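**Student:** Each chain, letter by letter, is given below.
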Amino acid sequence: MAAGFPFPRRGSMRLTFGLGAAFIGVFALAPALAVLVLSFTDIRGLPFLPVNWVGLQNYAQFFSSGHLDYNLNAIKNTMVYAVISTAVQIVVALGIAVLLNQRLRGHTFYRAIVFLPTILGVTVTGLIWSLIFNPNSGPAASIWRWFGSSPAFFGDQHMALGLVIFVQIWSVVGISVVIFLAGLQGIPAELYESADIDGANGWQRLRLVTVPMLAPSVTATVLLGIVASLQNYQLAYVLTGPNNSATQLLSLAIFSQGFGGSATSGLAQSQGYACAISMVQFVIVAIASFLVMTYLKRREARL
Amino acid sequence: MSARPGVRPRRSRRAKPLRPASFSRALSVLLLLLFYLFPLLFLLNTALKSNAAFDGNPVGLVTRPDFGNFVTAWDRGDFAAYIGNSVVYTGAAALMGTLVSVLMAFPVSRGYLRGSRWWQLAFVLLLFLPNAIITQFQLLLRLGLYDTQLGYILIMGAGIGVGPILLSGYFKSVPQELDEAAAMDGVSYWRYLFTFVVPLASPAIATVFILQAIGVWNDIILATILLPDSSKSPLTLGLFAFQGTYTSQWGLLAAATMIVAAPLVAAYVFLQRYLVSGALGGAVKG
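Going down the list, the protein sequences come from chains L and X.
Using this note's numbering, you'd call the opening residue of the first sequence number 1034 and step up by one each time.
Using this note's numbering, you'd call the opening residue of the second sequence number 1185 and step up by one each time.
Bear in mind the hints are in silico, worked out from the structure with no lab data behind them.
Remember, predicted model here, so these are calculated numbers, not experimental data.
Hints may contain errors.
Just a few of them, taken from the derived set where beta-carbon distance is under 8 angstroms, the chain X residues facing chain L [what the hints assert, rightly or not]:
hint, residue
1, V1272
2, L1311
3, F1312
4, L1313
Reference excerpt, derived from the structure (chain X facing chain L, CB under 7 angstroms, subset only) [as the list claims (entries may be wrong)]:
hint, residue
5, S1212
6, V1243
7, L1287
8, A1316
9, L1325
10, W1374
11, T1441
Just so it is clear, CB atoms sit at the ideal spot from N, CA and C, and this is done for glycine as well.
Taking the hints into account, I'd like the entire structure generated from these sequences.
**Tutor:** Right under this line is the structure:
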C-alpha cells in the first residue's frame, strides 16, 4: 500500500479487477484447487454418476505394485524431458542469439526462420518430423542405413524420448532466441570495448560480459522453459501417441488415465485417480521450480 | 537503428584475406538455415510426389511435380474450417487473457489494492497450479458448456500464465506521477488505463498477447477433451485426425500439412516484424 489512489472513484478499479479475478478464479483457480478435492473421490468421466469419497485410495493405487513401474517411468521421463529440454534449449538459444546479434546480412530473416515453428503449431511440426524420421522411407532412415542400422525412431524405446526432446527444442528455441536478442541489445557496447582493452578473447567476452549481463533474460527463459516443458506434452502426444511408455510423461498419464487417451473411449475412466497423478506432478514441479528459481535469483543477485 | 554491440573482428586479424571468425560464422548460419529450412523443403518435395513416385523413390528430389495430393487433401480435409476455428479461438482467448492480465496487473503493480503484495505472490503461484484438465472438463460438463466453442475459449482465455507478472513488472516503468497528473485533470480510471497506460506498455502487452496466443494456437489436448465434435476442431486437432485417417500416405499427409502451413507462413511473412522484433523481448528487462 504505497501511494493513495488518485482517481475519484475506487469502485471502477475494484469492479474491473474483481471481474478479472472472478474469471480467473472460476476457470483456472477453482479447477486447479478442485484437483486436490477430486483426488480423494472416485469421480468418473460420465456425468451424473454418484461420486464417493475414497480417502487416500487413489494415492495408494498410484504407489501400488501394479502401477508403480508405470508411474515411476512417467516421473523419470518427465524429469529427463524438463531438465534436458530446458537446459539444451537455453544453450542453443544463447548460441543462436549471439550469432544473430552480429551485424550479419539478413539477420532479421534468420531470426524469422528460427521463430517460424512456433507459428506452424505442434501438429504441423509433428507431421514434418514424423515424415523425416519415418522408419521405412524417411531421409533420416537413409542416413542411418549408411551406418548399417535401421531404427524405428519414434517407435524405438531407446530413441523416442530423445527425439521428442529434439523436436521440442527445434520448435520452441525461437522464443528464447528472441528474448535473448532483446537482452543482448541492452548490453552497452562500452562493456565489450573495455573487455577488448583488457585483452579478453571471444570466449571470455561471452563468459564474463554477455552471460552475466543476460542473467535476467536467462531467469525468464528458464521459468518459461520449465513451465512449457511440463505443460508441453502436446508434442509427445502428436509424435508418439498417449500410451507409449518410452515417452510417457506425467501429464500424458493424466490424460490417458482420465480420458483413455481419446475423447470418446474415456467416459468411464477413473478421473479421481487421474487427479491424484496430477497432484503428484504438482508436488514434483513445485519442488523443482522452487529450487531452480532460488538458485537463479541468488546467482542473478551475485552477478 | 542504433548500432548494435556486435562482436567485431579483432584488429590483428583484419589484414588476413580469409578470417577464420567470419568463415565459421558463415558456416554456422548455413547450418542453422539448413536445420530449419530442410524439413520444410523436404515436406514440399514429398507433397509433390504421386504415390507411384513416392514408392519408387521416397527420399529423392521430385522429378515431375504432381499436384494431385493437394487436390485430394483439400477435398477430404476440412482445412479452411479448421483454420477459421483456430483463428477465432486464438484471437478470442488471447484477447480475453490479455485484457484480464492488464486489469489485474495494473492496480497490483501500483499498490492501489489492499493486499497488493499478496496478489503479486498469487500471480506467481498461478503459474505452478496443478494440471487441471480433469476438473476443467468436469466444470464445463456441469455448466453445460461441454462441447461448446464458448466453453473452450473461456478455459483457454483463463490460462494467462506469465501475463500478469510480465505486465506488473513493466507497468512500474510508467511513472506514478502520470497517474496523479491525469487524475488531477479529471481523467477517469478506466480512460486513464486504456488511453495512457495501455499505449505506453504496448510492447509488454503485445508480448503477453503473443505468448498466450502461441499457447492456444498449439493446444491439442484440451481441444481433444473439450470439443469432441469434429466440426469445432482447431487446426491442430483437425490435421491430427487427418493424419490418423491417412496413416503412411506420406504424399497426401505432406500435401495436407502444406495446405495448413502455407497460409500460416504467408501471414507470418507480414506479421513477423511485429511478432518477433521488439515485441516478444520487450517485456523482459535484459
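**Student:** Would you list, in rising numerical order, the hints stated earlier that this structure does not obey?
**Tutor:** 1
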